[in-house]
Amino acid sequence: MDLQTEAVKDLWKDVDRLGDLLHCFNCSTCLSGCPASYGDPPLLVRNLARKVLYGLEEELFEEDTPWACVSCSKCEEMCPMDVKPFELILHIRQWQSTNDETRVPPSITEIYRRGYTQAVATNDELRAELGLKPLPTINKNEEQLKLFQEMLMKTPVVAANDYMFG
Amino acid sequence: MEFCLFLGCNTPAVRPDVERAIRATMEELGVDLIDTDNYVCCPAFGSFPSTDEESWLATSGWNLSLAEEKQRDILVQCGSCYSSLRMGREHLMHDKKMQKRINELLEPTGRSVQGGSKIRHVTEVLYREITPAKIAEKVTHSLEGLHGIVQYPCHTLFPSEVVGFEDSPREPKGMRELVEALGATVDSYSLERQCCGGAGGFMKSTPEQAIQFAKNKFDAILEETKADFIAVSCITCLMHMENVQNTINKQIGEEKYKIPVFDYNQLLALCMGKDPKEVSAITNMPRDAIHDHIAKVAA
Amino acid sequence: MSEFEPKIVSFFCNWCTFTAADLAGTSRLSYPPNIKIIRVMCSGMVDPKYVLKAFLNGADGVLIGGCWPGDCHYINGNLKARRRVALLTELLSQYGIGPDRLWLRWIAASEGTMLKEVADEMTAKLKELGPSPLNKTAAKVA
Amino acid sequence: MSEKKPTGKVLVAGAGISGIKAAIELAETGYQVLLTDASTQVGGILAKLDYQFPTDHCGMCRMLPMVGREYSSEYCMRKSLYHENIEILPFTEVVNIEGDAGNYKVELKKKARYVNPDVCNELGKCIEACPVEVDDEFNHGLTKRKAIYKSVPHNVPQLLLIDKQSCTECGECVNVCSTNAIDLNAQDEVESREVHSIILASGIKLYNLRDFEDAKSYAVSPDVVSSLAFERMLSGTGTYEDGMIKRPSDGKPAKKIAWIQCMGSRNRRQNRDYCSSVCCMFALKEAVLAKEKGGPDVETTIFYMDMRTFGKNFQRYKENAVEEHGVKLIRCRVQEVIRKPDGTLQVRYFDPLTNEFFFEYYDLVVLSTGQAPFEDHKKWAGLIHTDLDPAGLLTTEPYSKVKLAGKDGLFMCGSLMGLTDISEAMSSGIAAAGEATNFLTSLDVSRKFGDDTPEPKTNDRSAPKVAVLVCQCGEFAGAEGLDTKLLETELRKVKDVEAVHIVESMCSAEGEQEALEALKKSGCNRLLIGACQPYMYRRKLKDVARKAGFNSSLVQVFDILGVSRRGLHEDDKTAWTRRAIKEIKSDIASMKEKPALHVQSQPINETALVIGGGISGMQSALSLANRGIPVHLVEKSAELGGFAGNSIASTIDGLAPMEMAKDMKLRVFEHKKIDVHLNAQVEQTEGTLGSFESKIVYNGNGEETKPIYLHHGATIMATGGHEGKTDEYGYGQADNIMTQFEFKQGLESGEIDLSETENVVMIQCVGSREKGKREYCSRICCMWAMANALKIKEKNPDTRVFVLYRDVMTYGFLEQYYTKARLAGVIFVSYDLENRPEVEIVEGKPVVKFTESVLDRPLEVSPEYLILSTGVDPEPSNKDIAETFKVDLNRDGFFMEADSKWRPVEFQQMGTFLSGVAHSPMPLPDVIMQAEAAAQKTFTYLSGGEIQTARVTSSVKDALCVRCQRCIVVCPFEARSYNEMEHRIDIDPSACQGCGMCAVACRNNAAEVSGWSDRQLMSVIDEKLSDDIELSTT
Amino acid sequence: MSKFTKIAFNKGELNTQLSQLFSDMLENNAVDAVLAPMAQPKKGVMQTLVTSKENLASMDPFAPVMPVNSAKLVSSLTSTPSGKRIAMVLRSCEVRALVELVKLKQANLEDTLLIGMDCHGRYENTDFLKFQTKEGTSEGFLEGALNGKTESDGFDVAGACKICEYPEAPNVDIRLCTIGSGNGTLYLEAVTEKGEEALTKAGTKFADGPGGRADAVKKLAAARAEARDAVFASYREETGDFNALDDKLSACINCYNCRVACPVCYCKECVFVTDTFRHKGEQFINWANSKGTLKMPTDTSFYHLTRITHIAAFCVGCGQCTSACPNDIDVMPIFRTSAEKVQARFEYLAGRSVDEPQPLSVFDSDELMEVTGQVK
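Heads up: the protein sequence lines correspond to chains A, B, C, D and E, in order.
The first sequence: position 131 = 142 (our numbering), numbered continuously.
The second sequence: position 81 = 840 (our numbering), numbered continuously.
The third sequence: position 102 = 117 (our numbering), numbered continuously.
The fourth sequence: position 675 = 677 (our numbering), numbered continuously.
The fifth sequence: position 138 = 126 (our numbering), numbered continuously.
Treat the hints as calculated values from the structure; they're not laboratory data.
Among these hints, one or two may not hold up.
Stated by the list, open to error - Once the Cα atoms are required to be at most 25 Å apart in a straight line, the calculated SDA-like pairs of lysine to any residue come out as:
{"#": "1", "chain 1": "E", "residue 1": "LYS206", "chain 2": "E", "residue 2": "ASN159"}
{"#": "2", "chain 1": "D", "residue 1": "LYS888", "chain 2": "E", "residue 2": "GLN346"}
{"#": "3", "chain 1": "D", "residue 1": "LYS596", "chain 2": "E", "residue 2": "GLU270"}
To be verified - To list a few chain D residues with every Cβ distance to chain A over 10 Å, as calculated:
{"#": "4", "residue": "GLY101"}
{"#": "5", "residue": "ARG271"}
{"#": "6", "residue": "LYS293"}
{"#": "7", "residue": "ARG318"}
{"#": "8", "residue": "PRO400"}
{"#": "9", "residue": "ASP545"}
{"#": "10", "residue": "LYS664"}
{"#": "11", "residue": "GLU760"}
{"#": "12", "residue": "GLU854"}
{"#": "13", "residue": "SER864"}
As the list claims (entries may be wrong) - Computed beta-carbon distance windows for the label pairs:
{"#": "14", "chain 1": "D", "residue 1": "GLU688", "chain 2": "E", "residue 2": "VAL248", "range": "32 to 40 Å"}
{"#": "15", "chain 1": "E", "residue 1": "GLU335", "chain 2": "D", "residue 2": "GLU399", "range": "31 to 39 Å"}
{"#": "16", "chain 1": "A", "residue 1": "PRO52", "chain 2": "B", "residue 2": "GLU849", "range": "27 to 35 Å"}
{"#": "17", "chain 1": "D", "residue 1": "SER652", "chain 2": "B", "residue 2": "LYS932", "range": "49 to 57 Å"}
{"#": "18", "chain 1": "B", "residue 1": "LYS1055", "chain 2": "A", "residue 2": "LEU29", "range": "52 to 60 Å"}
{"#": "19", "chain 1": "D", "residue 1": "CYS172", "chain 2": "B", "residue 2": "HIS853", "range": "54 to 62 Å"}
{"#": "20", "chain 1": "D", "residue 1": "LEU355", "chain 2": "A", "residue 2": "LEU29", "range": "29 to 37 Å"}
{"#": "21", "chain 1": "B", "residue 1": "HIS853", "chain 2": "D", "residue 2": "LYS380", "range": "48 to 56 Å"}
{"#": "22", "chain 1": "D", "residue 1": "ASN322", "chain 2": "B", "residue 2": "ILE1011", "range": "29 to 37 Å"}
{"#": "23", "chain 1": "A", "residue 1": "ALA171", "chain 2": "B", "residue 2": "ILE1011", "range": "51 to 59 Å"}
From the three backbone atoms N, C-alpha and C, an ideal C-beta is built for every residue, glycine too.
Using the sequences provided together with the hints, build the complete structure.
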């Protein structure tokens, strides 16, 4: 491929706001202990960093592997250059979500609606059986939930996709 | 000692027996737990942290502000909650601009984030503050005669300079010593420090490989240890390590993998003589053998 | 008659093998007193005459100890020693003094243990072989 | 005149090899040295290494003096060191430094050993008695030791000590000690000394694998070891006596071994953004040795990031390791080492060639541990009251690696500068000694040469009369002592022994007096003195003998303890005594045949000739001239400065060679002691150290000038080098394809404007590190690339810069520039020889096609500039110079030093030295360091006005000599030559090391080494054999 | 390259023809001098140096005698060069010894024209005098030798010659070929350019060489090698033990004649006659003490063994040592057997080539590993 026609020169500035990925010297340490690197296709943080650096916007846009990350932070523990690979993965996800609404994870609408991704505090009966009191969760407090929702609505991705939260 | 208990979502929604266990053991150990009223999602890494920094930190900030209001540190059991809250807090602490912005967003609530509350994992509190020795004193129903293995929550190990309460993330000892304090023998195996593989999108995006990944771990457990149980300290590990055993069994058509998995607080509660029906009730992997053993030893 | 005690004239290079002998001594590694150490500056300094002289005057064996190839303080004296030992072996073998009686060994300064092993091994070997053919003659005459 | 001045005194803190080298150099120059080491022994890390890179051999003793070698120890350096002008204080720490330039007061803390070495008889019964067993740190825990122990197995004297940390104070050792040497209540002692100058040579700590979190499974498997521990596994005194390499866990042979590089180095996360420089070669060496020791079925793999083969002949070593020995190299930094139940170690890695994950299983994993310098630097900064640089290191003067900034009289050398290989440690040690000498020269201090007391006149033609003097100090009194009565009686029976005297204690003043009297009375002319620890006391004993009228060469001091007990297993007084008698008798036999030997003094022409007027040559010349040595500086071109001094305006580390050279040129021209010969070359030379004659021819501008003849005592080759040329990658076919240097010039002159530049591509290693081309790394090209890339990014941050490299050679603290460059957005892409970049010229512009190594796909860039790193070539004139001076060049056309490790700035040919790029390509500070080192070596030889040869040198009996010249062929030191005119063999006594090769090569003893004659040796053989009868009858 | 020219001679004219040849060489300045065996006025044949053609008449190179191995003479003539070109007629063992001396810087081939004659052996000096007395001639000897008969009544060529596997001289410029030439013919072979030039100057026309010579030489060499092996075998059989050597040398009187006669023993003075071996009375007594008895003169075996270490690599087997022994000790096999082993060990052959370095002046770090049997 021809970099001059196909690459966005400063993509990394958009994707990695910390600039840490520039420290990467492709040593591969981030790869070998990563659970998701066992996947197919494997999650190869090193390669993602490289694509960001080259500015391979289209390819990066299509990358699904960042979403396979288990967030264990082992890459971060191991990276000798302090590139913070896990943060990089989150940044790529954010960049994708920001620029592609189909990437926006549906779970955020649930959080918006009820504060959690799970149906927390709907099992009061079971709790009572175990000797637990009902939990003072936000979905039981309309005022706070509203404040929470209003707050989220001021944040960029929620605001940009407000139709999802209607 | 007093903490704001942050339960996250899976524990109260799916495994309230774990919550019961935590409340029971902490009370016994003299730790007061305050409910974090109106807390929200930590947020899970697959949610706001994957969309934009601001919504992530706003959500983190929401939770942190609740604890700060009560001037307590936050006590977490779920590894993801621990990690997300911790990272959220750190980002806010390091990025003053962002902190300012989040506090603007929080303004209508009358709360703010100043960094007053720290995020504590239950293992850390048990290991560092309570100490295994003190725990051993509280044991009335020993696990003596049982072999167990431990699953460290990745999130409590890495990155070590930020989270590390272990002397060495290469050779973590906390969980092991805590389980040993209950009288059990803790076996080692080669993949001990490997992630359970349950968090994030691994299972979703490449289930086949994720199951194989877990299977390797269980094979190592079966081959290299005499494990009667697995002790975890993260709700994701707990659920995943139970579920995946059943999934594998289904795939291979035999009941080969059936090691019961406990949250550490569940084991601790049992050893304190708590009723299994309260603190160890919900599971899809039979635990009777362990419950019976404890009863037998105690008798 | 008491057990045959071979006499082994040993030329040890000052830099390596002699140091190893010292080390063996100070490390309390005892080696047979059959080893009669003569310090030379370099194994390459051992003139074939000395070896012949030793045998002719009653040695049952001759051991030359030098630095490992490459370690020689004098660059390559040990390599020269090796050629000479090869030559001597060819010559002496004809007259019943085989390669078992003339040893060249590389023993570095730190190899006190190896020195002991070599000394033990050579002493044992010579006990097995019996006195040098030259000493048999002497015994006959005496 | 100068007698009243105090002798210059230098503290060398640290007795590793660089410290030792600095100490020896200063001692040879005539200064007093105080050599301390915090550890219990001298030798530093090298005490642990049996096999040293790059020859895989030991040769430590080759750093001992060549001339005047009798003032120094002449035995294995791992045993210990002795030099008349060096006082060695092991187990001593510098705790305070006060004062100023030329007037330092230091406080030294002698740490308590709890065993008094003066009394200890080294029998080691205490060790046997000690019930405590702990890991032995010398063998990295692979073996055990007691609480009372010998810290280094091969040190002599042994100097036992107690590790108070593990000692239970049970007192067992005290009970069994018959000499009362043990004092469990001993205290550290602090003593104050005054010195004129200080050289810091403490080395640095190595990264402790236990301290850091990315230590693989070091903590969980005993089969994961550090590189130094592996070295102990290889060693003869190490862990495995049979030489097999085994798994510490179960003792099974290790057949598959992996090395993991950069442990503790190149790690920004741990604040270690530097390379440890030596680990790559260390690992290669270990892998080769593992193969050699373990046989061809041993598999060795090195996981690395960049294989940093930047030093002289390193690249070739690597190729040999891979091609001849089959060492496998995988460019990948692995993360996980998992110990499987059967003990094997599982490594998962991502193979860059196939872009696939692999699991590989090893028996042993070696972690290549790097340096941890900061603590040491901090400590020294505190002691010398100075600030550290932002990186946390001691600062040096610009261009100097050894002169501490703003601190007159304070220097450093060795690994304190950053881990160094042996060659660099040597150069730096000599250079530090040189700088110290420079400094001392400016003070009102004197130097001390050899012996002041004249040798007594001895008539060695008179019949031998031997006196034997035996010291029976404390330790002989006990049950373990010798039967001195028996000794005396037996020795008196020996023919020609005229006096046998047993002295109570030679160490005491009375003992000394008693000995003196007895010897004076004896009327003997030869003397044997038996004492303990003669390595330490030889000098003193010989002085007593000399006062009593004995010629030094006819006095022999022997280790009475050693000779009596060597190898004996029984603790039997009679056996020991008999052994001692036997050994003494053979010494007597040799002594009787020995002639008196005399030191000859050779006059020296104290002028130096320096060939090459580049920075290296000018530095050497100035350094010598400033110390009063007249110098002829011969430069073949019309101006001084050389390549760097005339063409390089700036370097990445902020140096300005041209500016510096300008100043140097001025100083050179103005110096009264320096004669500059421009447009001049040496056409012919003859002579030996101290007296050379060289013919200089001039070839300036067609004006032929008459040749002149120069007389000089030594020569320094400083011929330098220049940027290599190439015709690869389209060079010459387009204007915008240029070398790094050309691009740099363009940038500096402003000819190159980057404002519109979108892309720049640099290709590294053009025609370098490749068979049949430049088969070496030129060491500076990566730095130039970094510098140029950073400049580009500075001028136009939007320009995309690609650096296509094979291995980034930013060794040491230069790594920071690599990091900087990446941080600036420079993109580094690796390539290998099978898959090199291609350049096509399209419409007069280059198009570069290469494989993106990480993503494994072809990329194409049309850069505005294509910059080629073409390496450094040696000067072609080296060939003629080598011929003229009868010195060798290596295969690459650089000069070949006498010993690649231990004598880096000397030639085998005495009196000839080399420095700078004449040796190999190197950065400017290294050039200057070497130039200083070469100057120091030269100065040491030339400044005394004469050279005192050793007593033991070879000679030729002309009447017997047939001139077959075999002695010339076999002489390893080129000390012999054939004098065509006189038709005879000439000997350079200063070059002769007394090894005796010539004597053996010569059939009829026309060549002989005095003191090692056939007669002596044959008498000893007789003696060794005859005594046996007595022994066997008992 | 090899070019031949043929000299046919009538009975009694061989030496005349050869004298003519050398005379032509001198005359045409092909050489400045000739060193060749020449009949002496009264008796005997000795190497003689001649600078004028008039004095060449008594030339007799094929006389079966070698009073001294001429390598030593060549050494004297050339070690400090005379600047004159000398033709030298030498036997194979002389040339081979010379090659070793060149390497030992004891001789110089620059100004020499080496002429090697096919060698059928030589009689011991005393035998030769008998041979002469009985009016034996070179031609007669040659004729017999070519038919396989070298013995005269009661004596034969020296033992060394019988087992000499080099009837043809190597490393020469010109060869005087008798083997395979047929009776009454002598071929001259120009082996080198130098040889060809000399012969050309002397007016020689080159033609075909003798057919079958190569085979004949090979055959003769093989036969002698076989004889050699038999001698070696029986010697080794006899002397497997040190006592046997002692017995062999029991008559040695330390006269050192063997070493004086030896062409490759090149020392000016043997170490055994230097101070090194001038023992003190005390020493003799000690030895007698420790050994029981001390045979005198001492150091006889020591001397011979040492001599082997000195020359084993260079020994060319000329047998002069045996010839020189006044007590009829046949020392030649002692040296030759050891020499064979030593030279084989170092893959060296004395006299084979001037360019081949002598075994004890070169060495390699990766050789002879079996000596110590140790690997790092």
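Results of checking the hints against the structure:
no.: 1; hint: E:LYS206 / E:ASN159; in the structure: holds, 17 Å
no.: 2; hint: D:LYS888 / E:GLN346; in the structure: holds, 23 Å
no.: 3; hint: D:LYS596 / E:GLU270; in the structure: holds, 17 Å
no.: 4; hint: GLY101; in the structure: holds, 43 Å
no.: 5; hint: ARG271; in the structure: violated, 4 Å
no.: 6; hint: LYS293; in the structure: holds, 26 Å
no.: 7; hint: ARG318; in the structure: holds, 26 Å
no.: 8; hint: PRO400; in the structure: holds, 29 Å
no.: 9; hint: ASP545; in the structure: holds, 59 Å
no.: 10; hint: LYS664; in the structure: holds, 38 Å
no.: 11; hint: GLU760; in the structure: violated, 7 Å
no.: 12; hint: GLU854; in the structure: violated, 7 Å
no.: 13; hint: SER864; in the structure: violated, 6 Å
no.: 14; hint: D:GLU688 / E:VAL248: 32 to 40 Å; in the structure: holds, 39 Å
no.: 15; hint: E:GLU335 / D:GLU399: 31 to 39 Å; in the structure: violated, 59 Å
no.: 16; hint: A:PRO52 / B:GLU849: 27 to 35 Å; in the structure: holds, 31 Å
no.: 17; hint: D:SER652 / B:LYS932: 49 to 57 Å; in the structure: holds, 53 Å
no.: 18; hint: B:LYS1055 / A:LEU29: 52 to 60 Å; in the structure: holds, 56 Å
no.: 19; hint: D:CYS172 / B:HIS853: 54 to 62 Å; in the structure: holds, 55 Å
no.: 20; hint: D:LEU355 / A:LEU29: 29 to 37 Å; in the structure: holds, 32 Å
no.: 21; hint: B:HIS853 / D:LYS380: 48 to 56 Å; in the structure: violated, 27 Å
no.: 22; hint: D:ASN322 / B:ILE1011: 29 to 37 Å; in the structure: violated, 51 Å
no.: 23; hint: A:ALA171 / B:ILE1011: 51 to 59 Å; in the structure: violated, 47 Å
In summary, the numbered hints that this structure violates are 5, 11, 12, 13, 15, 21, 22 and 23.
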